[in-house]
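Whole structure, please, built from the sequences with the hints as guidance.
Those protein sequence lines, which keep their order, are chains B and W. Following the working numbering, the numbering of the first sequence begins with 1 at its first residue and continues without gaps. Following the working numbering, the numbering of the second sequence begins with 493 at its first residue and continues without gaps.
Among the hints, a few may not be true.
A partial selection of chain W residues facing chain B, derived with a Cβ cut-off under 10 Å [as the list claims (entries may be wrong)]:
no.	residue
1	521
2	538
3	567
4	592
5	598
6	660
Listed next, with one range per pair, are the computed distances between beta-carbon atoms [as the list claims (entries may be wrong)]:
no.	chain 1	residue 1	chain 2	residue 2	range
7	W	863	B	333	43 to 53 Å
8	B	13	W	550	32 to 42 Å
9	B	49	W	878	41 to 51 Å
10	B	117	W	753	55 to 65 Å
11	B	83	W	498	43 to 53 Å
12	W	550	B	9	40 to 50 Å
13	B	87	W	944	49 to 59 Å
14	B	87	W	496	41 to 51 Å
15	W	633	B	401	29 to 39 Å
16	B	9	W	673	44 to 54 Å
17	B	346	W	963	52 to 62 Å
Straight-line Cα separation of at most 30 Å, DSS-like style, residue types lysine-lysine; simulated pairs [claimed, not checked]:
no.	chain 1	residue 1	chain 2	residue 2
18	B	263	W	514
19	B	327	W	539
20	W	829	B	260
21	B	337	W	752
22	W	539	B	297
23	W	824	B	57
24	B	310	W	752
25	W	819	B	47
26	W	506	B	134
27	W	572	B	114
28	W	841	B	134
29	W	789	B	57
30	W	829	B	186
31	W	755	B	349
32	W	976	W	901
I should point out that these hints are in silico values taken from the structure, not numbers from a laboratory. Here the structure is a predicted model, which means the values were calculated and not measured. Quick reminder that beta carbons are idealized off the backbone N, C-alpha and C, glycines included.
The lines below spell out each chain.
There are 2 protein chains.
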Amino acid sequence: MSKHLTKRADDYSKWYNELVVKADLAENSAVRGCMVIKPYGFAIWEKMQAELDRMFKETGHENAYFPLFVPKSLFEAEEKNAEGFAKECAVVTHYRLQNDPDNPGKLRVDPEAKLEEELVVRPTSEAIIWNTYKGWIQSYRDLPLLINQWANVVRWEMRTRLFLRTAEFLWQEGHTAHATKAEAVKESRQMQDVYATFTENFMAMPVIKGVKSDSERFAGAEDTYTIEALMQDGKALQAGTSHFLGQNFAKAFDVKFTSKEGKQEYVWATSWGVSTRLIGGLIMTHSDDLGLVLPPKLAPIQVVIVPIYKGEDQLEAISEKMNVIVKELRLKGISVKFDTRDTYRPGAKFAEYELKGVPVRIAIGNRDLENGTLEIARRDTLEKQTVAQDDAVSYIENLLEEIQENLFKKAIDFRKEHTTEVDTFDEFKKAIKNTGGFVSAHWDGTEETEDRIKEYTKATIRCIPNDAKEEKGVCVLTGKPSSKRVLFAKAY
Amino acid sequence: MSKHLTKRADDYSKWYNELVVKADLAENSAVRGCMVIKPYGFAIWEKMQAELDRMFKETGHENAYFPLFVPKSLFEAEEKNAEGFAKECAVVTHYRLQNDPDNPGKLRVDPEAKLEEELVVRPTSEAIIWNTYKGWIQSYRDLPLLINQWANVVRWEMRTRLFLRTAEFLWQEGHTAHATKAEAVKESRQMQDVYATFTENFMAMPVIKGVKSDSERFAGAEDTYTIEALMQDGKALQAGTSHFLGQNFAKAFDVKFTSKEGKQEYVWATSWGVSTRLIGGLIMTHSDDLGLVLPPKLAPIQVVIVPIYKGEDQLEAISEKMNVIVKELRLKGISVKFDTRDTYRPGAKFAEYELKGVPVRIAIGNRDLENGTLEIARRDTLEKQTVAQDDAVSYIENLLEEIQENLFKKAIDFRKEHTTEVDTFDEFKKAIKNTGGFVSAHWDGTEETEDRIKEYTKATIRCIPNDAKEEKGVCVLTGKPSSKRVLFAKAY
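Shown next, in the form of structure tokens:
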């Protein structure tokens with residue numbers, strides 16, 4: 001496979017798939033729809049996890065772990081949730097293999113080892129967790145219960161795509177229980193904010209915070225708060241959701257608590273999650289035709305040094321100089337790779353680190369040694385600068401911050417250019433067709449209209465933005481009255 | 493359920509089960525054999541993970557993630573491995589549920605959604621990983637490949653026990669590929685050393701390093717290096733294993749590389765893992781009849797402060813004093829909980845933190861305020877000391893180290909007292925029956941003898957210790973010649 005990528009303008013989807021594989025992020029596995037996350041891709045996930053985990057803990061949550069399997073009877077207890085996921089469940093029916101009498105050396109499922117009750121591989125853990133919470137919650141003193149788990153889940157998808165939609169994916173799922181509705185709503189909105197802070201400050205990916213329309217809501221939720229990001233092809237990506245579950249699960253699993261006043265009440269619930277899908281969003285927000293572009297805060301390697309030398313002596317002289325700088329950078333918490341491999345030429349290394357999105361690349365050759373300089377290239381703008389070795393550390397430190405900010409700014413600008421306010425359905429269709437991106441329009445609030453718009457344009461309501469202004473208007477399709485604009489887009 | 497534990501001397505196994513549940517570490521779930529790891533138990537696992545992960549990375553390993561499911565045809569490719577795990581495999585046969593026509597509101601497995609090929613829920617990942625490595629390894633330049641994954645695995649066990657043996661458990665599994673046999677053997681021994689360093693330095697749990705006999709070896713391995721710990725009931729616990737897999741998986745999955753000399757050769761493999769079972773070992777090494785005893789390096793809460801007060805004014809005065817100390821302790825990286833709950837009395841709090849094994853407990857009341865003192869209790873020896881507030885921080889810092897060392901020393905002493913060198917089978921039987929623990933004896937090297945000894949005494953060969961001296965002897969059962977002593981014990 002050539003190192004050259006398909007161009008985004010030629011085939012965005014092909015560009016994406018090639019990039020994920022060529023930049024060594026992930027690949028398809030022998031299991032249909034399940035991916036292998038390669039070390040370089042997993043290192044990005046680890047950085048995301050570390051940051052999110054810190055943020056969850058700072059907001060009072062603790063981690064726990066719940067079983068992979070959900071007995072069918074628990075799974076079906078909350079009907080809407082069960083119905084929502086039933087069509088994509090991997091089901092364990094047997095617990096043993098045996099030698100296959102018809103095929104020597106092969107195994108078959110042992111028909112004697114059929115489970116009395118089938119086990120669903122968790123597509124989400126509300127059922128198993130609320131069945132557990134029943135034993136944990138008796139009194140208001142046990143509330144709020146603020147738990148998160150990092151786990152794998154399985155949703156049997158027919159059409160899959162690395163990171164964006166896979167049968168198995170990695171995620172975190174927060175599950176909280178509260179004494180009052182107000183507190184639970186506050187929690188789900190807080191986690192929406194946490195997600196937005198993370199995606200914007202660390203991923204440099206701007207998001208719109210809003211609430212889902214009825215038809216896009218999580219199965220079993222009363223309200224789904226979402227963060228929606230815009231990708232470079234003009235499609236929206238649902239990047240994280242936080243659900244106010246009302247008392248649906250508490251009722252399904254009979255989880256009551258004794259209030260301060262001594263009354264028995266059902267508990268109020270939330271759940272919220274982000275997944276390895278975020279890596280897909282990260283890629284599609286910043287990357288270009290040369291490969292991945294990573295924001296410094298999540299880059300596994302922030303700075304790479306490529307020595308340009310002939311013979312061992314020159315390499316030694318370069319190493320001596322650079323080791324001092326490497327050490328200083330690492331002391332500042334900057335991750336540096338000094339690539340001294342002699343099996344690849346500098347040009348090949350340049351291309352490799354461009355493909356892998358390393359934010360800052362340093363090249364140093366013999367003339368630099370003589371002049372006391374370095375060449376510093378930034379991945380986001382591809383600009384190069386000659387810098388005095390003595391100034392290198394502080395220059396790089398500032399540059400990493402600048403790149404982080406620049407990526408965010410570029411993404412914000414892109415979103416601005418690709419958000420269109422429309423008042424007629426003709427404008428709507430034109431915007432979706434020409435500009436892509438978000439279309440802000442009045443809507444009459446009915447599922448029927450939503451469905452018809454989707455049918456005509458493939459665009460769906462991404463959210464009703466939290467900051468949507470109250471204003472009088474008429475539905476872009478039906479002309480019926482509407483009090484606020486909502487955001488439409490084609491979506492992943 | 494009463495807070496009082498069954499005494500170890502009365503029923504060790506009952507004591508263990510009660511302790512795990514009452515100390516809020518874990519509980520059984522609605523899924524047979526699968527546990528829920530509660531936040532306090534999971535916090536210990538997180539500390540273990542962080543430390544092990546650091547050690548793996550320092551020895552050059554990277555993390556990745558591989559699919560949960562293994563197609564049956566891949567699973568059976570390495571025959572010994574497949575045979576070893578076939579009897580305990582959870583198997584996914586269907587990918588969809590549907591409404592049950594016979595039971596309104598219920599779901600059933602959709603018979604139309606049968607998978608063409610069944611998927612095994614990974615009991616271990618060699619098969620799926622080596623099938624992937626085939627694509628990653630072409631030349632000696634791609635070697636060594638040093639990968640680890642943190643994952644859940646499922647082994648359908650009939651008799652389960654929280655942490656020690658559960659159907660689903662959390663673990664890490666390292667999978668490495670090397671150009672030479674020598675390098676692969678070195679890697680598997682290195683990881684045995686890493687495990688031993690971790691269990692001894694962090695868990696304060698001494699281990700014997702050795703190699704497994706043929707019958708105790710991992711299915712598909714050429715050699716299994718193990719670390720074996722001794723529990724307080726005289727039984728051994730296999731705490732971690734590192735396998736030299738030879739070329740078995742490389743041959744089964746046809747993974748060859750071009751050597752420096754241009755020859756096509758099969759790759760050499762290792763795999764190694766430790767699991768949430770370590771938490772069981774941690775509990776059984778140190779805990780007592782009052783509850784859990786945690787080594788400071790892995791304790792989620794290292795220091796707890798219990799104020800003893802009447803009225804808000806006294807609490808305020810105590811808090812003012814303690815907040816300074818809390819801040820100083822935290823600056824030193826010590827985790828402190830200041831328990832100001834007014835819903836529990838100090839006595840109840842003392843009992844709770846004893847049960848939860850918090851290494852250091854500070855009590856402070858009105859008289860202490862007047863005298864500028866604190867009462868500091870250590871969990872390991874239950875000793876109390878009055879200390880000047882001004883000296884508290886450095887006192888506690890030293891005390892935490894002392895507790896860590898003391899726990900290790902106690903465990904070493906216990907093991908010494910429970911290790912018996914025997915030369916006759918009568919001595920052997922007496923040692924297993926009376927002292928329990930490790931029995932060091934000559935063995936003729938045959939599986940048959942091993943089986944007979946197990947039949948007579950229930951003891952198995954835990955390992956042939958790495959440091960076993962070459963010495964002439966005769967097998968304790970058969971009188972046949974033997975060149976070194978091996979370690980027997982009853983085991984978990």
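How the hints compare with the structure:
1. 521: 5 Å, holds
2. 538: 6 Å, holds
3. 567: Since chain B brings a Cβ to about 7 Å from residue 567 of chain W, closer than 10 Å, the hint holds.
4. 592: 9 Å, holds
5. 598: 6 Å, holds
6. 660: 5 Å, holds
7. W/863 to B/333: 43 to 53 Å: 44 Å, holds
8. B/13 to W/550: 32 to 42 Å: Cβ of residue 13 of chain B to Cβ of residue 550 of chain W: about 40 Å, so the range 32 to 42 Å holds.
9. B/49 to W/878: 41 to 51 Å: Holds - the Cβ-Cβ distance for residue 49 of chain B and residue 878 of chain W, about 44 Å, lies within 41 to 51 Å.
10. B/117 to W/753: 55 to 65 Å: 58 Å, holds
11. B/83 to W/498: 43 to 53 Å: Between residue 83 of chain B and residue 498 of chain W, where Cβ atoms are some 46 Å apart, the hint holds.
12. W/550 to B/9: 40 to 50 Å: Since the Cβ atoms of residue 550 of chain W and residue 9 of chain B sit about 44 Å apart, the hinted range of 40 to 50 Å holds.
13. B/87 to W/944: 49 to 59 Å: 56 Å, holds
14. B/87 to W/496: 41 to 51 Å: 50 Å, holds
15. W/633 to B/401: 29 to 39 Å: 36 Å, holds
16. B/9 to W/673: 44 to 54 Å: Holds: the Cβ-Cβ distance is about 51 Å, inside 44 to 54 Å.
17. B/346 to W/963: 52 to 62 Å: 59 Å, holds
18. B/263 to W/514: 27 Å, holds
19. B/327 to W/539: 28 Å, holds
20. W/829 to B/260: It holds: about 25 Å lies between the C-alpha atoms, which stays within 30 Å.
21. B/337 to W/752: 25 Å, holds
22. W/539 to B/297: 24 Å, holds
23. W/824 to B/57: The hint holds at about 20 Å.
24. B/310 to W/752: OK: residue 310 of chain B and residue 752 of chain W at ~23 Å, within 30 Å.
25. W/819 to B/47: Holds: residue 819 of chain W and residue 47 of chain B sit about 28 Å apart, inside 30 Å.
26. W/506 to B/134: 24 Å, holds
27. W/572 to B/114: Measuring from Cα to Cα gives roughly 24 Å; hence the hint holds.
28. W/841 to B/134: The given pair, whose Cα atoms are some 24 Å apart, holds under the 30 Å limit.
29. W/789 to B/57: Holds. Residue 789 of chain W to residue 57 of chain B sits at ~20 Å (cutoff 30 Å).
30. W/829 to B/186: Distance ~26 Å between residue 829 of chain W and residue 186 of chain B Cα, so the pair holds.
31. W/755 to B/349: Holds - the C-alpha atoms of residue 349 of chain B and residue 755 of chain W are around 27 Å apart, at most 30 Å.
32. W/976 to W/901: 27 Å, holds
Hint compliance for this structure: every hint is met.
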